[in-house]
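One line per chain: the protein sequences are A and B, in this order.
Sequential numbering of the first sequence, starting at 1137, is according to our numbering.
Sequential numbering of the second sequence, starting at 1137, is according to our numbering.
Think of the hints as simulated: they come from the structure by calculation, not from any bench.
It is possible that some hints are incorrect.
[As the list claims (entries may be wrong)] Computed list of lysine-lysine pairs in PhoX-like fashion (alpha-carbon distance at most 20 Å, straight line):
{"no.": "1", "chain 1": "A", "residue 1": "1425", "chain 2": "A", "residue 2": "1365"}
{"no.": "2", "chain 1": "B", "residue 1": "1243", "chain 2": "A", "residue 2": "1365"}
{"no.": "3", "chain 1": "B", "residue 1": "1365", "chain 2": "A", "residue 2": "1243"}
{"no.": "4", "chain 1": "B", "residue 1": "1450", "chain 2": "A", "residue 2": "1453"}
{"no.": "5", "chain 1": "A", "residue 1": "1395", "chain 2": "A", "residue 2": "1405"}
{"no.": "6", "chain 1": "A", "residue 1": "1430", "chain 2": "A", "residue 2": "1266"}
{"no.": "7", "chain 1": "A", "residue 1": "1450", "chain 2": "B", "residue 2": "1453"}
{"no.": "8", "chain 1": "B", "residue 1": "1365", "chain 2": "A", "residue 2": "1365"}
{"no.": "9", "chain 1": "B", "residue 1": "1158", "chain 2": "A", "residue 2": "1158"}
{"no.": "10", "chain 1": "B", "residue 1": "1272", "chain 2": "B", "residue 2": "1453"}
{"no.": "11", "chain 1": "B", "residue 1": "1467", "chain 2": "A", "residue 2": "1182"}
{"no.": "12", "chain 1": "A", "residue 1": "1365", "chain 2": "A", "residue 2": "1158"}
{"no.": "13", "chain 1": "A", "residue 1": "1182", "chain 2": "B", "residue 2": "1487"}
{"no.": "14", "chain 1": "B", "residue 1": "1158", "chain 2": "A", "residue 2": "1467"}
{"no.": "15", "chain 1": "B", "residue 1": "1405", "chain 2": "B", "residue 2": "1450"}
{"no.": "16", "chain 1": "B", "residue 1": "1487", "chain 2": "B", "residue 2": "1243"}
What follows is each chain in one-letter form.
There are 2 protein chains.
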Amino acid sequence: MEQNRVYNFSAGPSMLPEEVLKEVQRDMLNYADSGMSITEMSHRSKPYMAVNEEAQALLRELLNIPDNYYVLFVQGGASTQFACVPFNLLGKNKKADYIISGNFANKAWEEASRYEGLDIHIAGSSKADKYTYIPKNLDIRPDAAYVHLTSNNTIFGTRFNEFPKTNVPIVADMSSEILSREINVNDFAVIYAGAQKNIAPAGVTIVIARKDLVDDTDNVLPYCPTMLKWKTQADNDSLYNTPPCFPIYVAMLVFRHLKKLGGVAAIQKVNEEKAALLYDFIDNSKLFKSTVAKEDRSIMNIPFVTGDLDLDAKFVKEATAEGLCTLKGHKLVGGMRASIYNAMPIEGVKKLVEFMAKFERENG
Amino acid sequence: MEQNRVYNFSAGPSMLPEEVLKEVQRDMLNYADSGMSITEMSHRSKPYMAVNEEAQALLRELLNIPDNYYVLFVQGGASTQFACVPFNLLGKNKKADYIISGNFANKAWEEASRYEGLDIHIAGSSKADKYTYIPKNLDIRPDAAYVHLTSNNTIFGTRFNEFPKTNVPIVADMSSEILSREINVNDFAVIYAGAQKNIAPAGVTIVIARKDLVDDTDNVLPYCPTMLKWKTQADNDSLYNTPPCFPIYVAMLVFRHLKKLGGVAAIQKVNEEKAALLYDFIDNSKLFKSTVAKEDRSIMNIPFVTGDLDLDAKFVKEATAEGLCTLKGHKLVGGMRASIYNAMPIEGVKKLVEFMAKFERENG
Chain A
1137 MEQNRVYNFS
1147 AGPSMLPEEV
1157 LKEVQRDMLN
1167 YADSGMSITE
1177 MSHRSKPYMA
1187 VNEEAQALLR
1197 ELLNIPDNYY
1207 VLFVQGGAST
1217 QFACVPFNLL
1227 GKNKKADYII
1237 SGNFANKAWE
1247 EASRYEGLDI
1257 HIAGSSKADK
1267 YTYIPKNLDI
1277 RPDAAYVHLT
1287 SNNTIFGTRF
1297 NEFPKTNVPI
1307 VADMSSEILS
1317 REINVNDFAV
1327 IYAGAQKNIA
1337 PAGVTIVIAR
1347 KDLVDDTDNV
1357 LPYCPTMLKW
1367 KTQADNDSLY
1377 NTPPCFPIYV
1387 AMLVFRHLKK
1397 LGGVAAIQKV
1407 NEEKAALLYD
1417 FIDNSKLFKS
1427 TVAKEDRSIM
1437 NIPFVTGDLD
1447 LDAKFVKEAT
1457 AEGLCTLKGH
1467 KLVGGMRASI
1477 YNAMPIEGVK
1487 KLVEFMAKFE
1497 RENG
Chain B
1137 MEQNRVYNFS
1147 AGPSMLPEEV
1157 LKEVQRDMLN
1167 YADSGMSITE
1177 MSHRSKPYMA
1187 VNEEAQALLR
1197 ELLNIPDNYY
1207 VLFVQGGAST
1217 QFACVPFNLL
1227 GKNKKADYII
1237 SGNFANKAWE
1247 EASRYEGLDI
1257 HIAGSSKADK
1267 YTYIPKNLDI
1277 RPDAAYVHLT
1287 SNNTIFGTRF
1297 NEFPKTNVPI
1307 VADMSSEILS
1317 REINVNDFAV
1327 IYAGAQKNIA
1337 PAGVTIVIAR
1347 KDLVDDTDNV
1357 LPYCPTMLKW
1367 KTQADNDSLY
1377 NTPPCFPIYV
1387 AMLVFRHLKK
1397 LGGVAAIQKV
1407 NEEKAALLYD
1417 FIDNSKLFKS
1427 TVAKEDRSIM
1437 NIPFVTGDLD
1447 LDAKFVKEAT
1457 AEGLCTLKGH
1467 KLVGGMRASI
1477 YNAMPIEGVK
1487 KLVEFMAKFE
1497 RENG
């Protein structure tokens, strides 16, 4: 890592591979010998069309996305998809089920619940227990159009280590874990993800959606805006209007980088190693403890607490001074949170664990 | 200009000030001594919050935006605002009027016309005449909630040199001319603009809206998604969810740059000089001619044709070889189009005019 850079445990936007940032820097005034920055280029220009195409092709390759799925690059973040999901899927069948496993899962459910004439049902929730685990014993209605879940809960540090076994189409918000572990895309009807955690700078959202669902426009609610209709971007290869070119360009570079590292299987192995380092230390610590059920632990977002607010604050302050940054926990959990996405080098996690050990010796 | 750079006449995304790009390049791996790229930083971090604040303050200063207007940074481009405008303004009064002066004005009208129960009326149109002028003798209904117009038509190269005198609130899409000339914000109820022409890389859209209209939530249609509701971002200082941080950061740098140049009055003078150079040449040329009514000419987008398709193609090809790039006209107009936004140096226009003179001597 460059000397003046820090290990940044931010939950999002978050670290990007240094190699990618250097390439962005190098080409900032002149991309692909065009005499223009990638940020100055028409989205209909040949160099940008090639970026759009390669980014899509690489994502298909990395996630092994079957041909019967669209891959879309859209704007507005996962929060906009909270509306797009019911708008694009509840045109005929008005029934949808939601699993409330965290703050964003709850927001997705709230958004769907706002619209008249829809039948939105909670299939499971851990809200009453402060989202410390993933809801089990789900009550998914067999005739629902879809069941929505958040596969990894950024704030609370839980994830679905197994996905529900159901015949109901699953719609998954994977914002904080996409490309961190192997998944079977066929298990899902729709996957969506804001890019700003594991993929690229904020501003682009990935939607992977089964073509039969998108192509059947009777599934679209009549008041769905043209720009929120997945079919609009599917028919236009994500170029219906000017796309967020820069984040898509960086996504392409990150996909190239990930492929070079060996793809998702390889990065999953590294991610599991990184998470194990931290969890093993926490499980053996007398000072720090995990805040969530062991079987539902995320390997991306790892909250931990000392149980003493002053000590937590001291930890965050001293860690920052050591170049271990953005470790303060979300206000809904408190304490600390280490977000260790794909771009966090294992050296960063090692340095964090060393620092935690030292802190425990000094304050235990 | 750096030696390997070209004069880029792209209609959008388009040129950015070289000085700004160099600053972006310099700070790409370490913004404001944070040890992180601006693209890796939490949107709740101090350095990013400062960017959000300064960008808004500078835009307020540059456009002299009164306190009774919100300034919002949102996603989705002007195309998403085509839905946001009726969604946020037609909750009570269902009547809205549209002036159809070009392709995007037409799209805005089409979008508003898609929703049941709204009363959308055309107040004037130049569609039948291929948008070669700005519609006059408008039929604006005095009880309409708003009248929508596109102040500058990117494809056709026309603009409103005078805005309609009416008591009906004016909503203006200023995507392709914002910050190019002085305007009186008080003359408008809402101004919106995609950033990718005169402000920043694609991915952020500016909305400037009168607070009384936004705060009266009865104006919002019931099926307006949370993320498309202006009030959502107004109440959260454009930080309701993760914003498109990078384009907003570049926007801030462009605003600083513009302020240093003397603000909008100063850049307007330069823009008028640039446009005059090109129009004077065209008006005196025997080969090239303008495609629009003289009184409605845009100073941002200047289409011109020879009348001979082969000669047009030859012109574009030879100009490109001279580093005068992206001059091909839009398919709806043909011929050539020079987009000379704020960031196009006057030297670029001079070089274009010299080249046109040479081309005319050789092919006239």
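Cross-check of the supplied hints:
no. : hint               : verdict
1   : 1425/A with 1365/A : 44 Å, violated
2   : 1243/B with 1365/A : 15 Å, holds
3   : 1365/B with 1243/A : 15 Å, holds
4   : 1450/B with 1453/A : 64 Å, violated
5   : 1395/A with 1405/A : 14 Å, holds
6   : 1430/A with 1266/A : 15 Å, holds
7   : 1450/A with 1453/B : 64 Å, violated
8   : 1365/B with 1365/A : 17 Å, holds
9   : 1158/B with 1158/A : 14 Å, holds
10  : 1272/B with 1453/B : 38 Å, violated
11  : 1467/B with 1182/A : 16 Å, holds
12  : 1365/A with 1158/A : 36 Å, violated
13  : 1182/A with 1487/B : 24 Å, violated
14  : 1158/B with 1467/A : 37 Å, violated
15  : 1405/B with 1450/B : 33 Å, violated
16  : 1487/B with 1243/B : 35 Å, violated
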